[in-house]
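Put chain Z on the given structure of chain D with help from the hints.
Just so you know, the sequences run in chain order D and Z.
With numbering that gives the first Met the number 0 as the guide, the letters of the first sequence map in order to residues 0 to 306.
With numbering that gives the first Met the number 0 as the guide, the letters of the second sequence map in order to residues 0 to 504.
To be clear, the hints were calculated from the coordinates, so they are not data collected in a lab.
Some hints could be false.
Taking CB as the label site, the calculated pair distances span [said to hold, decoys possible]:
1) Z:414 - D:38: 25 to 35 Å
2) Z:364 - D:177: 51 to 61 Å
3) Z:36 - D:59: 53 to 63 Å
4) Z:270 - D:285: 26 to 36 Å
5) Z:191 - D:46: 49 to 59 Å
6) Z:318 - D:277: 36 to 46 Å
Sample of chain D residues facing chain Z (criterion: CB under 7 Å; computed from the structure) [unchecked claim]:
7) 126
8) 155
9) 197
10) 205
11) 207
12) 208
13) 209
14) 222
15) 273
16) 276
17) 278
18) 282
The C-beta atom is built at its ideal place from N, Cα and C for all residues, glycine as well.
So the chains spell out like this:
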Amino acid sequence: MPESPISHTLQVFLHILTVLLLSPLIPGLINKVKAVMAGRHGPPILQLYYDLAKLSRKQAVFSRTTTWIFLAGPVGAVAVGLMAAMLVPFGHGHAPLRFQGDVILFAYLFGLARFLTVLSALDTGSSFEGMGAAREVTFAALAEPALFLGFAALAKSTGSLSLSTMLAHTGPHFKFSGPLVLVLAGWAIVYMAENSRIPVDDPNTHLELTMIHEVMVLDHSGRPFALVLYGASVKLLVLGALLVGPVLPRNGNPWFNWLAFYLALGALAVAVGIAESVMARFRMTKVPQFLVAGVLATAFAFLLMLV
Amino acid sequence: MNKSEFVPFNNGQTLALSDIPESSLDEFCKAIIQGVHGGLRLVCFCADADLRLFAVLAEDAAGQLRVGWTQLSQASYPSITPHCVQANLFEREIAEQFGIVPEGHPWFKPVRFHTSWVEGRDAWGRTSIPEPAVMDYFTVRGEEIHEVAVGPVHAGVIEPGHFRFQCHGETVLHLEIALGFQHRGIERTMVGGPHLLSFKHAETVSGDATIAHGWAYCRVLESLAGVQVPPRSEWVRGVALELERMANHVGDLGAMAGDVGFLPTASFCGRIRGDWLNLSAAVCGSRLGRDWLKPGGLRFDLEPELAKLLLPRMAKAWTDTRDAIELLWGAASVMNRFEAAGHVDEAQAREIGLVGVAARASGISLDVRKDHPFGPYADHPVMVSLAESGNVHSRAWVRWLELAESYRFLTEALEGLALAPCDPVPEALPPLAPSSVCVALTEGWRGEVLHLAMTDSEGRFSRYKIVDPSFHNWFGVALAMRGEQISDFPICNKSFNLSYCGHDL
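Only chain D is shown next, with the shape it has when bound in the complex (with noise of 0.2 Å):
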């Protein structure tokens, strides 16, 4: 189906707003979710737009034990997560940018981000920080072969090297299959480790030894802690996408599908929500045989493939 330029150009207008404007509106949807699961009001939906722009008329406090690398964490955060962005198909056919092999560059730009978070953490000195660092390596290690071995069986039934293909076109005969669903539960748990989502991180706890991705910014204040949480509701909402990704319903009506895409941002929320709201967290050794889960279930899709 070929497209007219101006589409095209609104498709991509579409897809940075989407991005820019509404990532922040995830996480006070999973909050709201989970406020009325335990019968509170709850903070309103729109509390992380108010949080960021009070926090960015704050001035930042340094420890003087800080380098620039300290900057690094946040403002690498919300780059990479941007630039992923960028590889990842919303609504309605490819993603802005493309290429074979993009899967890898989608799939290390946050690892980069990773980096750069844990440099900024120990670069507090804070045995805490450093805790965080630690622990938040270990589970990525985890986490990443997950990710990888879904992209594989994602790639094999697609033909393709790229999300915008691998993503939005699976074909009929892929969605609802075996496979998929693997490919889908893995990435679930890939997708509650990567935002630190309760079970495995709890991100509204107060408790610093608790803690695996929170603990490592809270040397942060001002703008670059506003930075910091708006990258990690980017992170939340490209994540999502890739999450979504393989069960839009994709058809030829571009309006039609940006509202699937949007619904299902939605659900996958109100999922998160409503998972966070009936479970505690593991205890934090149960946290890699939950990933070691997740890196089965892709692998075992992927050999679904092979054969």
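Frame of chain D; chain Z shown alone:
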């Protein structure tokens, strides 16, 4: 040469100091060590400015306390901690307060970081006011060992305390706890009393255990003054104490759920705790029960009409409580967390002298309400709630059982109070017995609260000693963390939920 050297007496009984024979230092130390090895508990060990040492042992099975004392000739004596771990903090406290050095104490550090009460006699030779938590910590060395220091400022709105972890990766090898940031000098202020504010000071030893401490103070005064509190007033005091227990246990279970990220119970319990606090407020105007009691009786009586009004409110709060907490036991993810962490076995618990919820969770049947009944608990007994495993789950489960038992007591009490007319307003207390000693124990929601008062020849307090259950139990938190994951510290700590200010006095 055994425990019989010590004079037996009952909870809340006044003894004339002259009726307690002096032991020699050797006999005194032996009596404590042999007593504790023979199954007694060291519930209080203190000194006074005249170089006298006093010890109170509890024989819980017989419902008796034993007291003895000795006169030191110099400001030092051989430490008994190497033979009796329960004396550890007591001996350090004595050293800090009166400069009396327990020679050979294996862990000789300040407790609250204040200077000696006796001018010019400091166990560590300190001259200026020491800074809290500045001391030599136990350290573990090795390439892969790292040290994590938490507090005194914490991420949540809690009290200040400093925790030093020696870790190997995520595993805690040792935890040392340094408190003293909340030291207000309550014991010292009490000397020369009772003052107008003494009751207030007793109530604020630990604000969440207002009734437990306030009641213990009242019982000391009433016993020393020779006043009997009418049974109905005692019953109302029981209601006050059990309402305090309900509110705190509900809050604790909610907070434990919150610590493992289980939101439903955490959110519900936050509100329901308020419902229980409001029941206290309905009687005395204070959610924490401040000024509900007063020496001699009650400042706010619980009238029959009010008791009738409170019954349905309480039933509603209990239904909500049960619904919220049953969610916990039904969630496998929560049980998994609770059962995996914070183990203290019975032998350890006995050795370090745990009390209250923590002791009962390790399978030790210990409850002042049952063992040394006071107030209404002789006529209206309560069951001791026990668990066996000594882990976080056991401490949560004991709280749950106690909630049900306290609710039963409260229902019975309010139904009884609805039928009985109020007692007359208590009169001012007569002067206190001179040259006497009185020990009163109550069972607060955390555990055993002890108040010991000694009077001088004019009936004023010459020494007032307070032992909050937290003083016995903090070491239990450190033990519970040995070999555990450092990420489980918050849930372990919360399962004890000890008071910092109750320890720091």
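Outcome of the hint check:
Between residue 414 of chain Z and residue 38 of chain D the CB atoms are about 31 Å apart, so this pair conforms to the stated range of 25 to 35 Å. The hint said 51 to 61 Å for the Cβ distance between residue 364 of chain Z and residue 177 of chain D, and at roughly 57 Å that hint holds. Between residue 36 of chain Z and residue 59 of chain D the beta carbon distance is about 60 Å. The supplied range of 53 to 63 Å therefore holds. The hint said 26 to 36 Å for the Cβ distance between residue 270 of chain Z and residue 285 of chain D, and at roughly 30 Å that hint holds.
Separation of residue 191 of chain Z from residue 46 of chain D is about 55 Å and conforms to the stated range, judged on CB atoms against 49 to 59 Å. Restraint check, residue 318 of chain Z to residue 277 of chain D: a C-beta distance of roughly 22 Å breaks the suggested window 36 to 46 Å. A cut of 7 Å between beta carbons decides the hint on residue 126 of chain D: the least distance to chain Z is about 5 Å, and the hint holds. With 7 Å as the threshold, the beta carbon of residue 155 of chain D stays out of range of chain Z, its nearest partner Cβ sitting at about 35 Å, so the hint is violated.
Annotation: interface hint on residue 197 of chain D holds; nearest CB of chain Z at approximately 5 Å, less than 7 Å. At its closest, the beta carbon of residue 205 of chain D sits 4 Å from a beta carbon of chain Z; the interface hint therefore holds under the 7 Å criterion. The criterion of a C-beta within 7 Å of any C-beta in chain Z is met by residue 207 of chain D, whose closest approach is roughly 5 Å, and the hint holds. For residue 208 of chain D, the shortest C-beta to C-beta distance to chain Z is roughly 5 Å, which falls under 7 Å, so the interface hint holds.
The beta carbon of residue 209 of chain D comes within 5 Å of a beta carbon in chain Z, closer than 7 Å, and the hint placing it at the interface holds. At a threshold of 7 Å, the smallest CB-CB gap from residue 222 of chain D to chain Z is about 22 Å, leaving the interface hint violated. Residue-level restraint check for residue 273 of chain D is violated (minimum Cβ-Cβ distance to chain Z is 11 Å; threshold 7 Å). At about 5 Å, the closest approach between the beta carbon of residue 276 of chain D and any beta carbon in chain Z falls short of 7 Å, and the interface hint on this residue holds.
With a cut of 7 Å, the hint placing residue 278 of chain D at the interface with chain Z holds, because the nearest CB-to-CB distance is about 4 Å. Using the Cβ-Cβ criterion of 7 Å, the hint placing residue 282 of chain D at the interface with chain Z is satisfied: the shortest such distance is roughly 5 Å.
Taken one by one, the earlier hints fail for this structure at numbers 6, 8, 14, 15, listed in ascending order.
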